[in-house]
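Undergrad: Each chain, letter by letter, is given below.
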Amino acid sequence: MFNFYRLYTHYIIPSTALLPIFFAVFKYKYLPKALKVIFWYVLISAIINLINRIYIIYGGNSILIYHLYGIFEFCCLSLYFMIFYDKKKRRQLIAIAITFAILCIINLLFIQNKEQFNSYTRPIGAILIALYSMQLLFKQNDSDTNVNWADNCYNWINTGLLLYYASGLLMFVSSNYILKANHTLIHIIFGVSESILALEYILFAIGFYKCKTKTTIFTS
Amino acid sequence: MQNKNDNIYILIILGIAGTFLLVVSFILYSIRNQNKLLKQRQKFQQAEIAHQKELLRAVIESQEAERKRIGQDLHDDVGTMLSGLRLIIEMFKPKDENDVHHVEFIKSSKNTIDKIVKDVRNISHNLSPTTLAYYGLVAAITEHCTIINQSGKLDIAILNNADNELGNLDSHTATAIYRVLEELLNNTIKHSGASNANIKFFSDEQYLKIIYTDNGRGLSQQVTSKKGMGMQNIESRLLNINADFKLGNYNDKGFSITINYPVV
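So the protein sequences, as listed, match chains A and B. My numbering applies: residue 1 is where the first sequence begins, and numbers increase by one. My numbering applies: residue 1001 is where the second sequence begins, and numbers increase by one.
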């Protein structure tokens, strides 16, 4: 059981990141700006995840990586959402991203130091990303009524983000608390969370696959 | 204490599962909603296209009826009156029957009237081809091509391998195809500088295929993007009978068009 869990969380789940990377590399030349941002987000996340696992294997403290990753993740995804909006909304998103980054640094330096997960700031980021995804899903549905839902590549990306960040919210909130639980429960909770991450990557892969050579981005 | 902690963890798992399900439901609802909207939109667009087709059909039918009326009036009224005028001129007896001027006048008047009668007949036939109504599409096209062939401007060959399908066409479709071929021949004579043209009728299980080709200068890609009146007429007439067409050969390689009319 433990071996299967190890195989699943250490090898199968991280390797699902290769799926969107494969499709994105294959179509990189034709990818619109927004999907290029997602490609780099997935690629850098996968590299950070790999570094994190190596750190853990060698007994290092990877909490700092989680704190820094939280800032990168939010800023990168804000950049993705920015592409779909006009100047005014973009400024608002930039302001939110800067405020969030400052909060994360304050949290890292003064509140939840290198010994604790960023369970205050990451849930805030997750809520914001889930809200952005929902808003963009509505926007795409309103503006792109001439195509089937499944044919719009952005719907797949937004669905992946919404599923992961909304479902993972409880885990982000309780990440410090969970570590106190027994190993079986930790494995179950992390297993569920990792499975949702794998689903996010699969949905991203479908999004990249569905991307046509010419895609129109609607700005409000 | 341990039990209490365990319960909280199970609640966390349930919370994650619950949120996941909520999000999935939201997305499924969103998909359903958008696809429903898309279907409604497509239905509306189809209804709009059908309505436009109906309007186009009405315009074409009224145009054909008007042509027929003008054609018949020309043939019956103007033609008859000209024949009457010719008879009057012939019957007129001057004092001196050997007057050279008078003989010359009668001869030239009769020639002019004959020419006008012939022209009126041609115009009336063009406006409302009676052969099409009485003998069908192939006969009408053959007659039209024979007239053009006689002029020596163009040599047209017709190959008919779809007798049954052509015979079963209703008058509306036959008129539309006749007008399209007439327009194509007109274009060839006016613009292409071609010496030969071919009209081929074929059929398979689904379509009556009409292939029209000439050896003229053909179309340039630019011309095809800017459609003239003739091309628009062809397109609207074919659209009206649910036929599609494909243009071929560009830039000095002659002109060709393949028309597919669904017979099933």
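Rather than coming from a laboratory, the hints here were simulated on the basis of the structure. It is possible that some hints are incorrect.
[What the hints assert, rightly or not] Computed footprint of chain A on chain B; a stretch qualifies when at least three of its residues, placed anywhere within it, have a C-beta under 8 Å from a C-beta of chain A: (1) 1016 to 1024; (2) 1029 to 1039.
[Claimed, not checked] In the DSS-like style, the derived pairs of lysine-lysine whose C-alpha atoms are separated by at most 30 Å in a straight line are: (3) B:K1095 to A:K212; (4) B:K1039 to A:K139; (5) A:K210 to B:K1039.
Remember, it's a predicted structure, so these values are computed and weren't measured experimentally. Where a beta carbon is used, it is the ideal one built from N, C-alpha and C, also for glycine.
Undergrad: Taken at face value, is the distance from the CA of K139 of chain A to the CA of K1039 of chain B at most 30 Å?
TA: holds (19 Å)
Undergrad: Do the alpha carbons of K210 of chain A and K1039 of chain B lie within 30 Å of each other, as the hint requires?
TA: Holds, at about 21 Å.
Undergrad: With a C-beta cutoff of 8 Å, work out whether three or more residues of the region 1029 to 1039 of chain B approach chain A closely enough for the coverage to hold.
TA: holds (count 7)
Undergrad: Does K1095 of chain B pair with K212 of chain A here, judged by a C-alpha cut-off of 30 Å?
TA: violated (92 Å)
Undergrad: With a C-beta cutoff of 8 Å, work out whether three or more residues of the region 1016 to 1024 of chain B approach chain A closely enough for the coverage to hold.
TA: holds (count 7)
Checked against the numbered hints listed earlier, the structure breaks hint 3 alone; every other hint is satisfied.
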